[in-house]
Amino acid sequence: MVSGENGAGKTSMLEAIAYGSALRSFRNSPRESLVRTGASSATVRMEVTDGSHRSLVEIGIAPPARDQVLRNKQRVLRAQELLETVRTTIFTPDDMALVKAGPQERRDFLDDLAVSARPRLLPVRQAVERVLRQRNVLLRQAGGRETRDVAATLDVWDDQLARAGSELTEARETLVAELLPLASSAFVRLTNLEQGLGLEYRRSYDGDLAGALAARRGEDLRRQMTTAGPHRDELLVASGGLDARTRLSQGRQRCVTLALRLGAHAVVGMRAGVPPVLLLDDAFSELDDTTARALVAELPLGQAILTTAGPLPPGARPDAVVELRGGRIVA
Amino acid sequence: MTKEDAVRLARAIVEVKERTVLCSVCFNIGMGERCAICADERRDGSVVCVVEDPRDIVAVERTREFRGRYHVLGGALSPIDGIGPEQIRVRELLARLEPEHVAEVILCTNPNLEGEATAMYLARLLKPLGLHVTRIASGLPVGGDLEYADELTLGRALEGRREAAT
Ligand SMILES: [Zn+2]
Numbered sequence: 023m024v025s026g027e028n029g030a031g032k033t034s035m036l037e038a039i040a041y042g043s044a045l046r047s048f049r050n051s052p053r054e055s056l057v058r059t060g061a062s063s064a065t066v067r068m069e070v071t072d073g074s075h076r077s078l079v080e081i082g083i084a085p086p087a088r089d090q091v092l093r094n095k096q097r098v099l100r101a102q103e104l105l106e107t108v109r110t111t112i113f114t115p116d117d118m119a120l121v122k123a124g125p126q127e128r129r130d131f132l133d134d135l136a137v138s139a140r141p142r143l144l145p146v147r148q149a150v151e152r153v154l155r156q157r158n159v160l161l162r163q164a165g166g167r168e169t170r171d172v173a174a175t176l177d178v179w180d181d182q183l184a185r186a187g188s189e190l191t192e193a194r195e196t197l198v199a200e201l202l203p204l205a206s207s208a209f210v211r212l213t214n215l216e217q218g219l220g221l222e223y224r225r226s227y228d229g230d231l232a233g234a235l236a237a238r239r240g241e242d243l244r245r246q247m248t249t250a251g252p253h254r255d256e257l258l259v260a261s262g263g264l265d266a267r268t269r270l271s272q273g274r275q276r277c278v279t280l281a282l283r284l285g286a287h288a289v290v291g292m293r294a295g296v297p298p299v300l301l302l303d304d305a306f307s308e309l310d311d312t313t314a315r316a317l318v319a320e321l322p323l324g325q326a327i328l329t330t331a332g333p334l335p336p337g338a339r340p341d342a343v344v345e346l347r348g349g350r351i352v353a
Numbered sequence: 002m003t004k005e006d007a008v009r010l011a012r013a014i015v016e017v018k019e020r021t022v023l024c025s026v027c028f029n030i031g032m033g034e035r036c037a038i039c040a041d042e043r044r045d046g047s048v049v050c051v052v053e054d055p056r057d058i059v060a061v062e063r064t065r066e067f068r069g070r071y072h073v074l075g076g077a078l079s080p081i082d083g084i085g086p087e088q089i090r091v092r093e094l095l096a097r098l099e100p101e102h103v104a105e106v107i108l109c110t111n112p113n114l115e116g117e118a119t120a121m122y123l124a125r126l127l128k129p130l131g132l133h134v135t136r137i138a139s140g141l142p143v144g145g146d147l148e149y150a151d152e153l154t155l156g157r158a159l160e161g162r163r164e165a166a167t
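Heads up: the protein sequence lines correspond to chains H and Z, in order. Each residue of the first sequence is one higher than the last, beginning at 23 in my numbering. Each residue of the second sequence is one higher than the last, beginning at 2 in my numbering.
Note that these hints are calculated values from the structure, not bench results. This structure is a prediction, so every number in the text was calculated from the model and none was measured. You may find that some hints are simply not true.
Straight line, CA to CA, 20 Å or less: simulated EDC-like cross-link-like pairs of lysine to aspartate or glutamate [what the hints assert, rightly or not]:
id : chain 1 : residue 1 : chain 2 : residue 2
1  : Z       : 128       : Z       : 93
2  : Z       : 128       : H       : 171
3  : H       : 122       : H       : 345
4  : H       : 122       : H       : 106
5  : Z       : 128       : H       : 256
6  : H       : 122       : H       : 256
7  : Z       : 128       : H       : 181
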């Protein structure tokens, strides 16, 4: 357990651990903002023990240069190798966005889960994001006119998008199927309801993506955006036939969020063979006593690091307590 | 270093800079109208290796696996950077094919998204002209890499080149 007042650096500590597992901030902070004002670089260093296997992970962050990643003093050439070294699951009070915000939050959740469960999907996810940016800029540059150059270059971006996009979509669908029973049963235990969760992945197109991109080219050129693809798909979440985003109470929505996180944690643990490190950033502050107790009881085996500015959550018995003040460990 | 040495060094740098020009055939960096590779009669003119940057030529040359000639595009397709087919030397490449009796084009653009898109664009343009178009075998997945291929992987990639996808 990590305690300390607000601004003591608790979240930054968790952010560093999470960055060391995904090379991405769970707060979606740009890399520049991970470096302290006035400093030119930041370093994350952590010792990871997995059974009898130990590794030292060191990451040098100095934007705009690429991150320098070392494992046991050896340069890591592919980011996905780092993802295979340490995995994390994060709970934060802002997590409600997962249920309440627009579909992008739920797509990001699925993609984080996909990459964590299968690190080789990292380049696929990055390719989808990058090719979409390229394609959309090209559509704007075209200004609605399909010249020969525009057609020929759109063809190649479409091809790249169709390949990476289909792979990502299929991975998301597989994971939703794996996630459903785990998240649903966690939801039942958290709420004491009989109704579990319903999850439905809805594609933004019929048939295959290559065909959809070709069929919608005219529309895409006119609207100057890509209208079909994984970036327009939706993950619908419901309980008892009610849409979680619009029809459930705040308290239920919170349980949906927790159930999705717990389910994802279990999926990654099964895929990887070891449970990820659980990071709970002030995750209990918004929970009522019953839900907090239920969550503590639900917390799976494995390592959990939790931060709090107040008292311990009910029923929690930490192995170690660390106190932070002004960004330093003082006790 | 004395002051005279410093002045001499500065002059030498200026001189190299002034004499360095782009080769009029392949757009490699050279000291004259044609670069050393284009001027070398022993090189096989029927095989052209297409690269993004003159530095890629240095990398391919170091592998000692390639005896043909080069064509430097000066970039890769990337709308974000305002680079379309007009901005890379595609027309110049097409103009070389007949006079130089080119039979094979090896697409050696970078193994990232933009490099792959450029390779595919060129393959679709060149194959209908009856050329043998190959792509270096990339041992690395597209994107997500922290570093690019070293010489050894590049050498293997050249050797293992295969029919380019279109
Ligand atoms: Zn030349």
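Going back to the hint list, which numbers does this structure go against?
-> Violated hints (numbers, rising): 3, 4, 5; every other hint is consistent with the structure.
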